[in-house]
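Quick note, the sequences are listed as chains A and B, same order.
Counting in the numbering used here, the first sequence runs from 3 upward without gaps.
Counting in the numbering used here, the second sequence runs from 9 upward without gaps.
Check each hint, because a few of them may be wrong.
[Unchecked claim] Some but not every residue of chain A turned toward chain B, in silico, with C-beta under 7 Å:
id, residue
1, Ile61
2, Val88
3, Ala101
4, Glu113
5, Ser115
6, Asp117
7, Ile118
8, Asp119
9, Ala184
10, Asn220
11, Thr399
12, Gln402
[Said to hold, decoys possible] Label-pair ranges, simulated between beta-carbon atoms:
id, chain 1, residue 1, chain 2, residue 2, range
13, A, Asp338, B, Lys98, 36 to 44 Å
14, A, Gln8, B, Ala33, 49 to 57 Å
15, B, Gly66, A, Leu190, 16 to 24 Å
16, A, Glu80, B, Glu12, 20 to 28 Å
17, A, Val40, B, Tyr26, 21 to 29 Å
[As the list claims (entries may be wrong)] With a cut-off of at most 25 Å between alpha-carbon atoms, the simulated DSS-like pairs for lysine-lysine come out as follows:
id, chain 1, residue 1, chain 2, residue 2
18, A, Lys259, B, Lys34
19, A, Lys451, A, Lys78
20, B, Lys103, A, Lys451
21, A, Lys27, B, Lys103
22, B, Lys101, B, Lys34
23, A, Lys24, B, Lys34
24, A, Lys27, B, Lys98
25, A, Lys23, A, Lys367
26, B, Lys98, A, Lys78
27, A, Lys451, A, Lys367
28, A, Lys334, A, Lys23
29, A, Lys24, B, Lys98
30, B, Lys34, A, Lys23
31, A, Lys23, B, Lys101
32, A, Lys24, B, Lys102
33, A, Lys150, A, Lys259
34, B, Lys34, A, Lys27
35, B, Lys34, B, Lys102
36, A, Lys150, A, Lys78
37, B, Lys102, A, Lys150
The set of hints was computed from the structure by calculation and includes no laboratory data.
These numbers come from a predicted model, not from an experiment.
Glycine is no exception: its CB is placed at the ideal position from the N, C-alpha and C atoms.
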Amino acid sequence: MNIYIQFAYLIASVLFIIGIKKMNKTSEARAGNQLSAVGMFIAILATVVQVEALSLIDIFVCIVIGSAIGLYVAYKVEMTQMPEMVALFNGFGGLASVAVSLSDYWLKSQEKSVDIDIITGVSIVLSIFIGGITFTGSMIAWGKLSGKVNGNAIIFGGQHPLNLLLFVASIVASALAVMYQAEPIYVLILTALSLLLGVLTVIPIGGADMPVVISLLNSYSGMAACTTGFVLNNNVLIVAGALVGASGIILTNIMCKAMNRSLVSVLLGGFGTTTSSVAAESGSEIVVKEVGVEEAAMLFDSASSVIVVPGYGMAVAQAQHVIRELCELCEKRNIDFRFAIHPVAGRMPGHMNVLLAEANVPYDKLVEMDDINDDFSNTDVVFIVGANDVVNPAARTNPQSPIFGMPILNADKARTVIVSKRSMGKGYAGVENELFGYPNCLMLFGDAKQTITKLVGEMKEM
Amino acid sequence: MNLEALILLLYVLVLGSYLGFELIAKVPPTLHTPLMSGSNAISGITIVGAILAANEFGYTHISKWLGMVAIILATINVVGGYAVTDRMLKMFKKK
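Build out the structure end to end from the sequences listed, making use of the hints.
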């Protein structure tokens, strides 16, 4: 391989690393992303130059088609739909790795009839296996997140033994594909098995665990790119794949900790199906106190500190813009106004931050759980909008609760808690929230956007 | 590929992963969504392999078609990933 090409790949790798490094600061993140894009452009350009004019036209056409689809999706997607989009892109990454490795296998074993050495062979089957699981797994995650597939955990008898059987069969098919390269049937069986395994491993995982799953699939897509790097003996693929793989693993770990779940229990699935019986046994109905818009406005007006706890319900009601108005009104009155962000608020890591940034809430107003949890006890009003499980005190107090042990925001410790909620429904995890029955808790029933708009109107008149 | 080449690639993998863990652990939770979409874009680096794969033979060969499919998929990741990440990061403003 040409030394200049190698040098271009080295520059690209360095730019990816500096780009990620710049993501450590919110103010520099955009520049970092652009640097990373420049690195990608250099890598692609170098490759196109390297292959020489043989088929530049169809490479170019494919790049144009892909760019058009990519741009269309990137500018059309709503911020509430980011989890679906990331899931979809994870899947594309996985399938691209499958296609490249399969192409390499086919080229050497069928079209050129050259021998594939064992190291390359193992890399190929690994790349196909990981990529295949990533593809169909991501498609199921995408379907669940966008509501096209039933979001509940789908569980049937013998599920785990079946998965194990398919896994063992994949190893056998892989070994045969490496040993008998003239027979293309083995590599095709391996591809089919990996696609099937992707479906089967994600369907038993319930909706509440989706943030973990898309983080994990993100990591898989990086590992697939990495193994493709081993197939092609290419360093830049390995560096880039390792960065993505590490990123996905870190996010997976953060999500698991924030839900007090082990990765194994997430992967085995079934969360959210057995919990309803536990909740039903606890029996006693929670008695709540309602509050009207006027009274709520008075509470805000007389407060000196307010913390908003947003959840996915806020995004569904599209209430983030009117909450920003509330924030501005309070700041005019010199009321300290902040947002408390739980790591699993929303449907993916950091989702709430993006939704609030879109509504022009400055990011220094968004405070992480560990930094704000001690401040709740001397806060006048905590306003919970569309969040539920992340403020459920049962996580601290009730060992019987399925969410026991999960770190929560200590919203219940504030002087007054106002909860904006459509009705008395349960949270995503299907668990009753005893906070709603606390003496300092007031329920503001109705659509979040409508009630908060009225609330803002009341406050303007005061 | 010989063992020597494999060892070199493993070096790259191990050091790259270590660097990744060190750098990404410091990314603030505020940026975790752009981090994920940005890493979607980076994993589109497979496009390099896809271009090589699509270049060996003409349209009568399966490897060519697989390569072309891979180019389209990887380009969607690269272009879509960087564009949507930029769109998001543009929205993050300090007071």
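Tested hints:
Satisfaction of the interface hint for A/Ile61 is found here, the shortest Cβ-Cβ separation to chain B being roughly 6 Å, below the 7 Å cut-off. Proximity of A/Val88 to chain B holds as hinted, the smallest CB-CB distance being about 5 Å (cut-off 7 Å). Of the supplied interface hints, the one on A/Ala101 holds, with its beta-carbon coming within about 4 Å of a beta-carbon of chain B, less than 7 Å. Among the interface hints, the one on A/Glu113 holds; its C-beta lies about 5 Å from the nearest C-beta in chain B, closer than the 7 Å criterion.
Among the interface hints, the one on A/Ser115 is violated; its C-beta lies about 13 Å from the nearest C-beta in chain B, farther than the 7 Å criterion. With 7 Å as the threshold, the beta carbon of A/Asp117 stays out of range of chain B, its nearest partner Cβ sitting at about 12 Å, so the hint is violated. Residue-level restraint check for A/Ile118 is violated (minimum Cβ-Cβ distance to chain B is 10 Å; threshold 7 Å). At a threshold of 7 Å, the smallest CB-CB gap from A/Asp119 to chain B is about 6 Å, leaving the interface hint in force.
Against a cut-off of 7 Å between C-beta atoms, the interface hint on A/Ala184 is violated, since the closest Cβ of chain B lies about 15 Å away. With a cut of 7 Å, the hint placing A/Asn220 at the interface with chain B holds, because the nearest CB-to-CB distance is about 6 Å. Restraint check, A/Thr399 versus chain B: the minimum CB separation of about 26 Å is more than 7 Å; hint violated. Here the hint on A/Gln402 is broken, as its CB sits about 30 Å from the closest CB of chain B, past 7 Å.
For the pair A/Asp338 and B/Lys98, the beta carbons lie near 28 Å from each other, so the given range of 36 to 44 Å is not met. Between A/Gln8 and B/Ala33, the C-beta spacing of about 30 Å breaks the proposed range 49 to 57 Å. Checking the proposed 16 to 24 Å range against B/Gly66 and A/Leu190 shows it holds: the Cβ atoms sit about 23 Å from each other. Taking 20 to 28 Å as the suggested C-beta distance range, the pair A/Glu80 and B/Glu12 does not conform, at roughly 50 Å.
For A/Val40 paired with B/Tyr26, a C-beta distance near 24 Å keeps the hint of 21 to 29 Å intact. Our distance criterion of 25 Å between C-alpha atoms is met by A/Lys259 and B/Lys34, whose separation comes to about 17 Å. With a CA separation close to 23 Å, the supplied pair A/Lys451 and A/Lys78 stays within the 25 Å bound. At most 25 Å may separate the alpha-carbon atoms for a hinted pair to count; B/Lys103 and A/Lys451 meet this at roughly 24 Å.
Distance hint between A/Lys27 and B/Lys103 is fulfilled; the C-alpha atoms sit about 15 Å from each other, no more than 25 Å. At roughly 20 Å between alpha-carbon atoms, B/Lys101 and B/Lys34 fall within 25 Å of each other, so this suggested pair holds. A C-alpha spacing of about 10 Å is found between A/Lys24 and B/Lys34, which places the hinted pair at or below 25 Å, so the restraint holds. Annotation: proposed proximity of A/Lys27 to B/Lys98 holds, straight-line Cα distance about 14 Å (limit 25 Å).
For the proposed pair A/Lys23 and A/Lys367, the alpha carbon gap of about 23 Å is at most 25 Å, so the pair holds. With a CA separation close to 16 Å, the supplied pair B/Lys98 and A/Lys78 stays within the 25 Å bound. This hinted pair checks out: A/Lys451 and A/Lys367 have alpha carbons roughly 20 Å apart, not beyond 25 Å. For the suggested pair A/Lys334 and A/Lys23, the alpha carbons sit about 37 Å apart, so the restraint of at most 25 Å is broken.
With a C-alpha separation of about 15 Å, the suggested pair A/Lys24 and B/Lys98 falls inside the 25 Å cut-off, and the hint holds. With a C-alpha separation of about 9 Å, the suggested pairing of B/Lys34 with A/Lys23 holds against the 25 Å cut-off. Of the pairs offered as hints, the one joining A/Lys23 and B/Lys101 holds, with about 19 Å between alpha carbons and a cut-off of 25 Å not exceeded. Straight-line distance between C-alpha atoms of A/Lys24 and B/Lys102 comes to about 17 Å, which keeps the hinted pair within the 25 Å bound.
Of the pairs offered as hints, the one joining A/Lys150 and A/Lys259 is violated, with about 28 Å between alpha carbons and a cut-off of 25 Å exceeded. Taking the CA atoms of B/Lys34 and A/Lys27, the gap is about 9 Å. The hint holds against a cut of 25 Å. Among the hinted pairs, B/Lys34 with B/Lys102 is consistent with the structure: their alpha-carbon atoms are about 19 Å apart, no more than 25 Å. Of the supplied pair hints, the one linking A/Lys150 and A/Lys78 holds, its CA atoms being roughly 19 Å apart against a limit of 25 Å.
Our distance criterion of 25 Å between C-alpha atoms is broken by B/Lys102 and A/Lys150, whose separation comes to about 37 Å.
The structure does not agree with the numbered hints 5, 6, 7, 9, 11, 12, 13, 14, 16, 28, 33 and 37 stated previously, though it agrees with the rest.
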